Amino acid sequence: MKKKRVLIDADACPRQALIIAQTLCRERGWECVTFASYNHQIGSDNHVTVDSGPQAVDMKLANETRAGDIVVTQDIGLAALILGKKGMALTPHGMIFDPERITFHLEERNEKARYRRGGGRTRGPAARTREDDERFAHSLQFVMERGK
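Reading the sequence shown from the start, the letters are residues 112 to 259 in my numbering.
Hints in this document: simulated from the structure, not taken from any laboratory.
As the structure is a prediction and not an experimental result, all values here were calculated from the model.
Warning: the hint list may mix true and false statements.
[Claimed, not checked] Below, a list of computed lysine-lysine pairs in the DSBU-like style, where the Cα atoms sit at most 35 Å apart:
{"no.": "1", "residue 1": "Lys-223", "residue 2": "Lys-197"}
{"no.": "2", "residue 1": "Lys-171", "residue 2": "Lys-196"}
{"no.": "3", "residue 1": "Lys-113", "residue 2": "Lys-223"}
{"no.": "4", "residue 1": "Lys-115", "residue 2": "Lys-196"}
{"no.": "5", "residue 1": "Lys-197", "residue 2": "Lys-115"}
{"no.": "6", "residue 1": "Lys-171", "residue 2": "Lys-223"}
{"no.": "7", "residue 1": "Lys-197", "residue 2": "Lys-171"}
{"no.": "8", "residue 1": "Lys-114", "residue 2": "Lys-196"}
{"no.": "9", "residue 1": "Lys-223", "residue 2": "Lys-196"}
{"no.": "10", "residue 1": "Lys-197", "residue 2": "Lys-114"}
{"no.": "11", "residue 1": "Lys-171", "residue 2": "Lys-114"}
{"no.": "12", "residue 1": "Lys-115", "residue 2": "Lys-171"}
{"no.": "13", "residue 1": "Lys-113", "residue 2": "Lys-171"}
{"no.": "14", "residue 1": "Lys-113", "residue 2": "Lys-196"}
Given only the sequences and the hints, what does the whole structure look like? Please build it.
Laid out in structure tokens, this is it:
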């Protein structure tokens with residue numbers, strides 16, 4: 112039987128979320144694999160480095176994902192690919208991507224991009240809080256239990 116895995120899109124993953132994921136994986140005997148471009152220094156025992164081309168990390172991560180894997184990413188497009196491969200995906204803030212709602216998230220992302228291309232401004236992410244860390248830890252534990 113293959114070892115259960117958590118794969119992390121580490122290019123944009125907050126450090127605290129990375130530490131939480133590594134700790135939970137160690138405690139539960141799961142493999143934790145980080146993916147980042149060579150421009151990022153990631154503290155991980157199991158790390159995959161890719162070139163800095165556009166979407167290089169996302170494509171490598173998507174290609175490496177197998178059914179039952181959990182992927183931590185902020186990228187909605189990557190999350191959609193992961194769900195299509197029968198994996199599970201959540202953000203470093205603890206939002207679990209649901210196959211029933213992924214189309215809505217993709218449409219929302221496209222509308223915001225269109226708005227920005229037209230000169231509009233959208234808000235960036237809020238500063239990370241302890242509540243974000245707690246929500247992420249709870250959500251990751253939840254999907255790990257579901258993935259047993």
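Are Lys-171 and Lys-223 close enough, with their CA atoms no more than 35 Å apart?
holds (26 Å)
Is Lys-114 close enough to Lys-196, meaning Cα to Cα at most 35 Å?
holds (17 Å)
Mind checking the alpha carbons of Lys-113 and Lys-223 for me, to see if they're no more than 35 Å apart?
violated (39 Å)
Check whether the Cα positions of Lys-223 and Lys-197 lie no farther apart than 35 Å.
Holds, at roughly 27 Å.
Mind checking the alpha carbons of Lys-115 and Lys-196 for me, to see if they're no more than 35 Å apart?
holds (15 Å)
Given hint Lys-196 paired with Lys-223 - CA-CA distance at most 35 Å
holds (26 Å)
Given the hinted pair Lys-171 and Lys-114, is their Cα-Cα distance within 35 Å?
Holds. Lys-171 to Lys-114 sits at ~19 Å (cutoff 35 Å).
Lys-115 paired with Lys-171 [C-alpha distance capped at 35 Å]:
holds (18 Å)
Pairwise hint evaluation, Lys-196 against Lys-113, where the allowed Cα distance is 35 Å at most:
holds (16 Å)
Distance restraint between Lys-197 and Lys-114, which requires alpha-carbon spacing of 35 Å or less
holds (16 Å)
Can the restraint linking Lys-113 and Lys-171 be considered satisfied, given a maximum Cα separation of 35 Å?
holds (20 Å)
With a cut-off of 35 Å on the C-alpha distance, tell me whether Lys-197 and Lys-171 pass.
Holds - the C-alpha atoms of Lys-171 and Lys-197 are around 17 Å apart, at most 35 Å.
Going through the hint list in order, the structure does not satisfy hint 3, though it satisfies all others.
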